[in-house]
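Trainee: In order, the protein sequences belong to chains A and B.
For the first sequence, our numbering begins at 5 and goes up steadily by one.
For the second sequence, our numbering begins at 74 and goes up steadily by one.
Hints in this document: simulated from the structure, not taken from any laboratory.
Source: prediction; values computed, not measured.
Just to be clear, a hint being listed does not mean it is correct.
[As the list claims (entries may be wrong)] To give an idea of the chain B side of the interface with chain A (calculated C-beta under 7 Å), a few residues: (1) Ser141; (2) Cys184; (3) Gly214; (4) Tyr215; (5) Lys217; (6) Met219; (7) Ile265.
[What the hints assert, rightly or not] Just so you have them, the derived chain A footprint on chain B, three or more residues with Cβ under 8 Å: (8) 126–135; (9) 166–175; (10) 306–314.
Beta carbons are placed, not taken as given, at the ideal position from N, Cα and C, and that holds for glycine.
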Amino acid sequence: MAERTSNRWLQPRRVAVLAMNTFTQLVRMKVFYFLMVFAFIALASQFFDLPQYNGPEAVGTGELQLLKGWCIGVMKLYSIVFAITATALLLPKDVEDRTLYTILAKPVPRIDYLVGKLAGVLLLILVSLLFMDGIMSLLLEVRTRHVMATQMEFAVSRGWSQEALESLRRDIGAQGLTWSLQGGVLAVFLQSAVVGASSLLLSTFSTSTLFTSVVSFLIYLVGSFQADAAEFYRATTEAGTTSFASLALKLLSLVFPNYQLFNVTDVAIQGQAVGFHAIGSLAGLSLFYVVLYTLLSWIVFSDKEF
Amino acid sequence: MSEFAVDIRDLVKDFPSPLRGVKAFRAVDGVSIRIRPGEVYGLIGPNGSGKSTTMKALLGLLAPTAGSCAIFGKDSMKVDSRNDVGFLPENPYFYKHLTGAETLRFYGRLCNIRGKVLETRVSELLDLVDLANARDRRLGGYSKGMLQRIGLAQALVQEPRLLILDEPTAGVDPLGSRQIRDLILKLRDRGITVFLCSHLLEQVQEVCDHVGIIFQGRMVKEGRLDELIAVEDQQEIVLKNASPELIARIQHMVGRTPGTSLVRIGPSRTTLERLFLQETQGGGE
């Protein structure tokens, strides 16, 4: 006989069961095939030559930036598209197949179901990103060593001073494998978590996967441009100074996360340092939105009838 | 502790119309059902009569517009009431990516069963529903009857005291249907309360001891099956190898008794289903 425990909300074991089931479901839908595509793209980026606008000494760092740019770009695209489509697909599919009935007919609080589903999608994105990060790091490390050797040889042959050589070494090292770059990958994951949570919210009141996906992408676009739009509005009108407009803008930025904040990835690609503080703030902001969207999802889902 | 396994009181369920000014559709109208532990209760009615809505309200999948539903005394809208319930929906599609054993493990873990206890339970249930040979096959490759049986197994995974079955044999061939019926009888013998709804009347007649007839959302008849189907002014005598002389004597005796008449005489007939089972399985009843 099953152990009769109290069915308190957010029981970690139960959420983990639902998350692992979602993870397995997605893995068996063969989504990992995409990782092979990623590996191919990352390898292909090695064979592109850059136009030499900035002189031969900049070619090496440019190549490293290109590699990082390709890899992070593909990671971002994959995680956003996957966070939206997978989250938008899973819930309506469970309702349509009546699998949801059998789950909710067990002692499973609805919040556990929602959190489990989201956690499963995010787990898959995390595992995929770790894999892609591994490939990128490996290629970047190999490439950095090669660039370092070539550029140093070039600089020595030109008779650069010791100080200039050291500066070159630092510049190339900054374009290689750094903690800032790992922070950039973490930012990609955090952004996908927020996007996935917003998609989950939409899927709780929408009955169509297509609607959820399209609106989620729109929300992502609005979030990506809302800071610029708000700034433009403030700069071009007097309204930005009134309390009502100010409140409306704040409300808008509360509902739609400012996805430009996640562009620390660009900083990492440029080889500049991304501080712990910036990543910490981003993690806090992401957590806020994930919790907010999940709570709103639960409020809608708890009264939903099937 | 309530004396009823199921206690539905004056249940009303309205589905509001999305159009303004259009009256809400009343799917269930003042239905009351009480099932004592150990009973097999059949709710019968035509399609759209409110059977599934009643079951969903009992499981907390729908909120009653009025009235209340309780399982072993616990309000159906509370999660705790689901500790003692197993549910098989109509035409269920479980996760196709899981095997039979994985499906049962998944539902077992949701009910907080783990480790050796879970593994033993999974094997027991697969044996019970005759799917031990298909335990490692993915559900995507299961037939309709196999899906119903794995559905029944998942409903039983936490050893519930109440089993709710919505059209358990819908779309299943007569052999599969018979297997499911036999399982229900087995469960009844183990003391599990069964609440099933169906529009297959013969099936309900075979397994249920209490029946409710629902029509257009209202309960029109309810009671013990043998009382409901008994024709009060008629008696039945079934004879085996009776000679024509004996039959003639009986007819003569009946004819001489005032107020008594012979309604029908002739060879007993089997049902088409029994004939089918006899021919395909070499058995039947």
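Trainee: Decide, hint by hint, whether the structure agrees.
Mentor: Each hint tested on the structure:
1. With a least beta-carbon distance of about 16 Å to chain A, the hint placing serine 141/B at the interface is violated under the 7 Å criterion.
2. Annotation: cysteine 184/B was flagged as interfacial toward chain A, and the flag holds, the nearest CB pair being 5 Å apart, inside 7 Å.
3. Annotation: glycine 214/B was flagged as interfacial toward chain A, and the flag is violated, the nearest CB pair being 13 Å apart, outside 7 Å.
4. Contact between tyrosine 215/B and chain A, as hinted, is not supported at the beta carbon level, the nearest pair being about 14 Å apart and thus beyond 7 Å.
5. Because the smallest distance between the Cβ of lysine 217/B and any Cβ of chain A comes to about 14 Å, over 7 Å, the interface hint for this residue is violated.
6. For methionine 219/B, the interface hint is violated, the least distance from its beta-carbon to any beta-carbon of chain A being 16 Å, above 7 Å.
7. About 13 Å separates the beta-carbon of isoleucine 265/B from the nearest beta-carbon of chain A, more than 7 Å, and the hint is not met.
8. For the segment 126–135 of chain B, the proposed coverage by chain A is satisfied: 5 residues have a C-beta within less than 8 Å of a C-beta in that chain, meeting the threshold of three.
9. Proximity of the segment 166–175 of chain B to chain A, defined as three or more residues with a beta carbon under 8 Å from a beta carbon of that chain, is established by the 5 residues found.
10. For the segment 306–314 of chain B, the stated coverage by chain A is violated: 0 residues have a C-beta nearer than 8 Å to a C-beta of that chain, whereas at least 3 were required.
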